[in-house]
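Q: As given, the protein sequences belong to chains A and B, one line each in that order.
Read left to right, the first sequence gives residues 1 to 82 (this note's numbering).
Read left to right, the second sequence gives residues 1001 to 1242 (this note's numbering).
Hints in this document: simulated from the structure, not taken from any laboratory.
Hints are supplied without guarantee of correctness; some may be wrong.
[To be verified] Under 8 Å between C-beta atoms, here's a sample of chain B residues computed to sit facing chain A: (1) P1033; (2) S1037; (3) C1039; (4) N1096; (5) T1185; (6) L1191; (7) G1198; (8) L1202; (9) G1229.
Note that this is a predicted model, so its numbers are computed, not measured.
Note that beta-carbon positions come from the ideal geometry of N, C-alpha and C, so glycine has one too.
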Amino acid sequence: MSGFWLMRYVTLSTRMKAWLGYLPGTVIVAIVAPTVFSTGLAEAGAALTTVLVMARTRNVLVAMIVGIGAVWGLRLLQASLG
Amino acid sequence: MADDPLVAPGPPSEEPVGFDVTGAAAGARRALPIALSVCAYGLVFGVLAQQAQLSLLEVLLMSGFVFAGSAQLIVLSLWSMPLPIATILLTTLIINLRNLLLGAAISPWFLRIPPLKAYLTLFFMTDENWALTMGEFAKGKRNAAFLLGSGLVLYVAWVGSTVVGRTLGDVAHDPARFGLDFAFTAVFLALLVGLWKGKSDLLAWVVAAAVAVAAAHFLPGKWYILLGGVSGSIAGVVRHAD
């Protein structure tokens, strides 16, 4: 709310607007990056699967369900091989 | 029960006892309401089994072969390590003696169908469908498959619900076991696919990821999110100011 209030009195430069435009994407990338890249192969594989399914179906729910299934399956695989 | 079913008269000796699909279907339909309560019972059993550390396979085998709800619950309460084998066996024996009596009562009808069908059907007998079937015979119906139909419905309900209950017990205790801890990550990744605007995002996102991974390694708490997000955006703006 305070951000909104501030915006009533402040005019943004183009650069600021651009920066704010990048923020949603980079913040979410920052949130998932450690899980995707630093946890393990199962998580990395499941992340890739999720992205591919989303790209194909454009359906967040389906992508999520497939991602969960993928991480479960890959972890089982990892456990039995490791 | 008003009349003692153990002394109900058998069918007149000349009368044939049928065994076909219509009888089975009738039995199945009549068993459905009972199946619901069997499911509730089964779910409870499944959850308790998880707490007693029975594996899913053990639950499946137990439900599949024993099919005696009350016996299973009592055995479960006795299930501790080391297993008190004698006690468990004795308890199961006593409970199943009851089944023996029920089987004896129903035998006048079941002696009139081929033995294979009789034994197969009797495997699926429980208190509930025994009572239903005896009721049917008392009303003059003569289709022994009634017991099979009702028995199958109850069997599926029992085995199914104990397995589901066992699984629920696992999920409640440990979401990571089925990958549910990955749910948030999956949703975020899916959102990212939606947000992607093409090449212009590439540098920003790569920087965000790299900074986040490094920061997560060295800094405590959630600082990595802030650092990653901010540096990624800066990188994006810098790149496009060129």
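Q: Tell me, in ascending order, the numbers of any earlier hints that this structure violates.
A: Hints 1, 2, 3, 4, 7, 8 contradicted; others consistent.
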